[in-house]
Amino acid sequence: MKFAIALFAPPHSPAARRALRFAEATLAGGHEIVRLFFYQDGVHSASANSVAAQDELDVAAEWSRFVSANQLDGVVCIAAGLRRGVLDAGEAQRYQRPAANLAAGWELSGLGQLHEAAQQADRLVCFGGH
Amino acid sequence: MATLHLLSHTPFGDSRFSSCLPLLADSDALLLTGDATYALTAGTQPAAELERLPEQVAVFALDEDVQARALSALPARVQLLDYAGFVELTCRYQRVNSWL
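Sequence order for the protein chains is A and B. Under UniProt numbering, the first sequence has 93 at position 93, and the numbering climbs by one with no breaks. Under UniProt numbering, the second sequence has 39 at position 39, and the numbering climbs by one with no breaks.
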């Protein structure tokens, strides 16, 4: 089964962890993830600059490791990312911002990537809420 | 076309839960995650509404989220899932509708 997984909630929301655990379980179950898509406040989980408390799960770091280790297509909505300060090197230069902070494994792209993933996948599963 | 409805907000805070229930067809299912599992709290209105759903409607909850909230005396019709079961459930229904 091909899955597209979208995250709408911020990293401190339980939904971000739930999406990660679900994504891990799809691969563990022998399924394929055609794309991960972070949208709205979900883009903060692709920031390399967030710092989790020592006794809390660093969900952004886990996402970055998960995407890189499994060579997944990890897409962050560029419009949602720009307005929240999640920038890659190209966008930081374009808008003359002091730093880029997009974590390894992720790329910025348009909302059309979510639409395309929904077409390619057998299932689109969206995560948000609490 | 059977749909799995995925809830993640508390039923005591907004109208997602009460809006979702009337939409469930007999072949559909409900999965409670996160704060939506508070709908299982014994003696509450949401728990009573779950009991009143047609018996063909399957009701699931994410075990981890139920345990994290120390919920007990769950309605008998509720089936608890781990993440592997969650993935398997999404395969069993043609689409997943997340109440974001």
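None of these hints come from the bench; they were simulated from the model. Because the structure is a prediction, the values reported are computed rather than measured. Accuracy of the hints is not assured; some may be wrong.
Pair ranges (Cβ atoms, derived) [as the list claims (entries may be wrong)]: (1) Gln71(A) / Phe12(B): 39 to 49 Å; (2) Asp26(B) / Arg83(A): 38 to 48 Å; (3) Asp26(B) / Gly30(A): 26 to 36 Å; (4) Arg92(B) / Gln120(A): 19 to 29 Å; (5) Asp58(A) / Ala25(B): 22 to 32 Å; (6) Gly110(A) / Ala84(B): 48 to 58 Å.
For each residue, glycine too, the CB sits at the ideal point set by N, CA and C.
Hint-by-hint comparison with the structure:
About 42 Å separates the C-beta atoms of glutamine 71(A) and phenylalanine 12(B), a value consistent with the hinted range of 39 to 49 Å. At roughly 43 Å, the beta-carbon separation of aspartate 26(B) and arginine 83(A) lies within the given 38 to 48 Å, and the hint holds. In this structure the supplied range 26 to 36 Å holds for aspartate 26(B) paired with glycine 30(A), their Cβ-Cβ distance being about 30 Å. Checked against the hint of 19 to 29 Å, the C-beta distance between arginine 92(B) and glutamine 120(A) comes to roughly 20 Å, which is consistent with it.
The supplied range of 22 to 32 Å is broken by aspartate 58(A) and alanine 25(B), whose beta-carbon atoms lie about 41 Å from each other. For the pair glycine 110(A) and alanine 84(B), the beta carbons lie near 33 Å from each other, so the given range of 48 to 58 Å is not met.
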